[in-house]
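From first to last, the protein sequence lines stand for chains E and X. Heads up: the first sequence is residues 0 to 340, going by numbering that gives the first Met the number 0. Heads up: the second sequence is residues 0 to 340, going by numbering that gives the first Met the number 0.
In case anyone wonders, no lab produced these hints; they're calculated from the structure. Hints should not be assumed to be uniformly reliable.
One copy or two, it doesn't matter: identical chains are merged, so the pair holds either way.
What the hints assert, rightly or not - Below 20 Å or equal to it, Euclidean Cα-Cα: the simulated DMTMM-like pairs (lysine to aspartate or glutamate) are:
#1 73 to 332
#2 292 to 213
#3 73 to 204
#4 73 to 92
#5 33 to 295
2 protein chains.
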Amino acid sequence: MDQCIDALHDAYLDFASGAAVTRQRSDTLVPSGKSVYGLKTMDGIAPRLGVGAVRINSDIVTWPKIGDSYRRVKVPAAPGSRYTGLILVFSIETGEPLAIMPDGVIQRMRVGATSALGTHHLARADSRTAAIIGSGWQAGSQLMGLFAVRPDIEVIRIFSPNPENVKTFCRAWSQQFNRELHAVDSLIEAVEGADIVLCATSSIDSLFEVEHFEAGMHVGSIKPPEISRQCLELADRVCVHVGHGKPILTQSDDLIVPDHSSGRGWSISDKFDFAVCPTLPELISGAVNGRVKPQERTCFVNDLGLGLQFAVVAGITMRLALSAGIGQDLPTEIFTQLEHP
Amino acid sequence: MDQCIDALHDAYLDFASGAAVTRQRSDTLVPSGKSVYGLKTMDGIAPRLGVGAVRINSDIVTWPKIGDSYRRVKVPAAPGSRYTGLILVFSIETGEPLAIMPDGVIQRMRVGATSALGTHHLARADSRTAAIIGSGWQAGSQLMGLFAVRPDIEVIRIFSPNPENVKTFCRAWSQQFNRELHAVDSLIEAVEGADIVLCATSSIDSLFEVEHFEAGMHVGSIKPPEISRQCLELADRVCVHVGHGKPILTQSDDLIVPDHSSGRGWSISDKFDFAVCPTLPELISGAVNGRVKPQERTCFVNDLGLGLQFAVVAGITMRLALSAGIGQDLPTEIFTQLEHP
Numbered sequence: 000m001d002q003c004i005d006a007l008h009d010a011y012l013d014f015a016s017g018a019a020v021t022r023q024r025s026d027t028l029v030p031s032g033k034s035v036y037g038l039k040t041m042d043g044i045a046p047r048l049g050v051g052a053v054r055i056n057s058d059i060v061t062w063p064k065i066g067d068s069y070r071r072v073k074v075p076a077a078p079g080s081r082y083t084g085l086i087l088v089f090s091i092e093t094g095e096p097l098a099i100m101p102d103g104v105i106q107r108m109r110v111g112a113t114s115a116l117g118t119h120h121l122a123r124a125d126s127r128t129a130a131i132i133g134s135g136w137q138a139g140s141q142l143m144g145l146f147a148v149r150p151d152i153e154v155i156r157i158f159s160p161n162p163e164n165v166k167t168f169c170r171a172w173s174q175q176f177n178r179e180l181h182a183v184d185s186l187i188e189a190v191e192g193a194d195i196v197l198c199a200t201s202s203i204d205s206l207f208e209v210e211h212f213e214a215g216m217h218v219g220s221i222k223p224p225e226i227s228r229q230c231l232e233l234a235d236r237v238c239v240h241v242g243h244g245k246p247i248l249t250q251s252d253d254l255i256v257p258d259h260s261s262g263r264g265w266s267i268s269d270k271f272d273f274a275v276c277p278t279l280p281e282l283i284s285g286a287v288n289g290r291v292k293p294q295e296r297t298c299f300v301n302d303l304g305l306g307l308q309f310a311v312v313a314g315i316t317m318r319l320a321l322s323a324g325i326g327q328d329l330p331t332e333i334f335t336q337l338e339h340p
Numbered sequence: 000m001d002q003c004i005d006a007l008h009d010a011y012l013d014f015a016s017g018a019a020v021t022r023q024r025s026d027t028l029v030p031s032g033k034s035v036y037g038l039k040t041m042d043g044i045a046p047r048l049g050v051g052a053v054r055i056n057s058d059i060v061t062w063p064k065i066g067d068s069y070r071r072v073k074v075p076a077a078p079g080s081r082y083t084g085l086i087l088v089f090s091i092e093t094g095e096p097l098a099i100m101p102d103g104v105i106q107r108m109r110v111g112a113t114s115a116l117g118t119h120h121l122a123r124a125d126s127r128t129a130a131i132i133g134s135g136w137q138a139g140s141q142l143m144g145l146f147a148v149r150p151d152i153e154v155i156r157i158f159s160p161n162p163e164n165v166k167t168f169c170r171a172w173s174q175q176f177n178r179e180l181h182a183v184d185s186l187i188e189a190v191e192g193a194d195i196v197l198c199a200t201s202s203i204d205s206l207f208e209v210e211h212f213e214a215g216m217h218v219g220s221i222k223p224p225e226i227s228r229q230c231l232e233l234a235d236r237v238c239v240h241v242g243h244g245k246p247i248l249t250q251s252d253d254l255i256v257p258d259h260s261s262g263r264g265w266s267i268s269d270k271f272d273f274a275v276c277p278t279l280p281e282l283i284s285g286a287v288n289g290r291v292k293p294q295e296r297t298c299f300v301n302d303l304g305l306g307l308q309f310a311v312v313a314g315i316t317m318r319l320a321l322s323a324g325i326g327q328d329l330p331t332e333i334f335t336q337l338e339h340p
């Protein structure tokens, strides 16, 4: 996580200066039985690491209603109940493919590292109490990122609607970091008096509301709907990841997705204009201020992923794997050709 | 080639009806030493074949001046002097990866098949004489496509600026098809009296000019600059592949490409508005007319490639390879994951 944060920090500097580039995410959708098939791709080039990368998700997607809220659920429909997400890494010196890797672990590491950079610039330096909302896959990397940028944090409370998951999460991560984590029974119990609140859920409705938002608090979100529009309007400072707004969506005419949901997977009824917000590269490069006063309410929103994040995190993962002798060696020549493409 | 043409025909029908989808090509560019590194991607889904595909080119590109004209030249910089171009094929039922294949052969087959569909609808049915301008990789599949849609063609003349290449080309393909091919010494000798002219060069300047364009002639081009603007204006009917205009271009601020050249690789000085032209899906679905009168001058221009073409041609190639037992079996599970992406 430390390496991810450092490498992403450098990449955002390069992005701000125009040296690193990234192509806006695209989603291409068709019906597949009663579900939706989505081919999602994003590309990026990190010149400092000498690599370009393409991230590909080949997803079977459903939008079930769980309790009162809709969720976007990917179905592990590949053989062995598995998901299909790949990152291909290429050399910008020779063009050759350097690595192919699954995107699952890298996906959460880049979200955690990105949120951590937001927390670093927006949360109070003297933060002592934190809350994590969610106890799943993404919550783990939010915790890793939090420890990396605010090592002096003293109290961490965990809440999600599923108490069993919260217990399992606390047990696993307490052990991992040798730090106490407090499972709590309600969202209000988790966030009351917290200096930092990190939302890491799969909800496509808002869950962090104005009554939770205290002066001096920093709230992070792994995707826009988690923080309500009213909170974003109340905040003294809202910073987004990129401010691109939305992916390039191409879908077949006969596709039906739930009314309340864009192809992206979250509510579009509760609009907030993220395009006017400062972005993380601007924050990191110093073009805009981070937190200025202790009593400010601040938000960081991962609005849209970038291919550049995958180029960076897959690039350093590849180096680590090579030096650790991890992975399978596939002959480069089966992925290259003599024919002029 | 017959199978490519049939499958693409069906896919363009599905595209016209809104069932098949494709994402606009994108080019992401950064400097790489004295060259340019380009990461080019395009996605498409062909529901009729049950597959989605991503085509990726990871190119080292230069723009040398050869004689009086600039060319866009990809350098085979991967180990063993090889190029890097890949197509990944996925199942739209399970999301799983079904095949990875090099794009070189498929790239020219889809261009040849696409041009052939244009020729089928635009050239005179009683065409007897054809000219192919170019003697390289793409010229071969133009010839295959021509034989597929106009089997009664009697005279075929080949010209390119390199007489040695022309001889080699004629020898190889005469043998392949057991048909005579005539190597000629000038462009004018090739096109004079021809019913069909197919341009298949790497030139980024125009080469087919008004003085060559006779009444009743059909001219095809594998990319826009080959046919001069004046010819396109003179034509009674110009049909383009998609009319998208241009790829989504993202490039680093410090990138320098030749003044006369867009990232796409051809001259932008000699503009013609392809956006107003009918497209191949419209032609195939009958939304617009093909050739109506024998004396019409017609043009077909491959203006921009589509991910859909690769989904289709890679999809049928995969089936053929499987039934022929060709290819290497890689375990699906190294390209899938248990982690939620």
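### Query
Given a CA cutoff of 20 Å, do residue 73 and residue 332 count as a within-copy pair, a between-copy pair, both, or neither?
between (34 Å within a copy, 18 Å between copies)
### Task
If the cutoff is 20 Å on CA atoms, where do residue 292 and residue 213 land: within, between, both or neither? Let me know, please.
within (14 Å within a copy, 76 Å between copies)
### Message
Please sort residue 73 with residue 92 into within, between, both or neither, judging by C-alpha distance up to 20 Å.
### Response
between (36 Å within a copy, 13 Å between copies)
### Query
Taking 20 Å as the upper bound on the Cα-Cα distance, should residue 33 and residue 295 be classified as within, between, both, or neither?
neither (47 Å within a copy, 49 Å between copies)
### Identical-chain pair category, residue 73 with residue 204, by Cα at 20 Å
within (17 Å within a copy, 48 Å between copies)
When the structure is compared with the earlier hints, a violation turns up for hint 5 alone.
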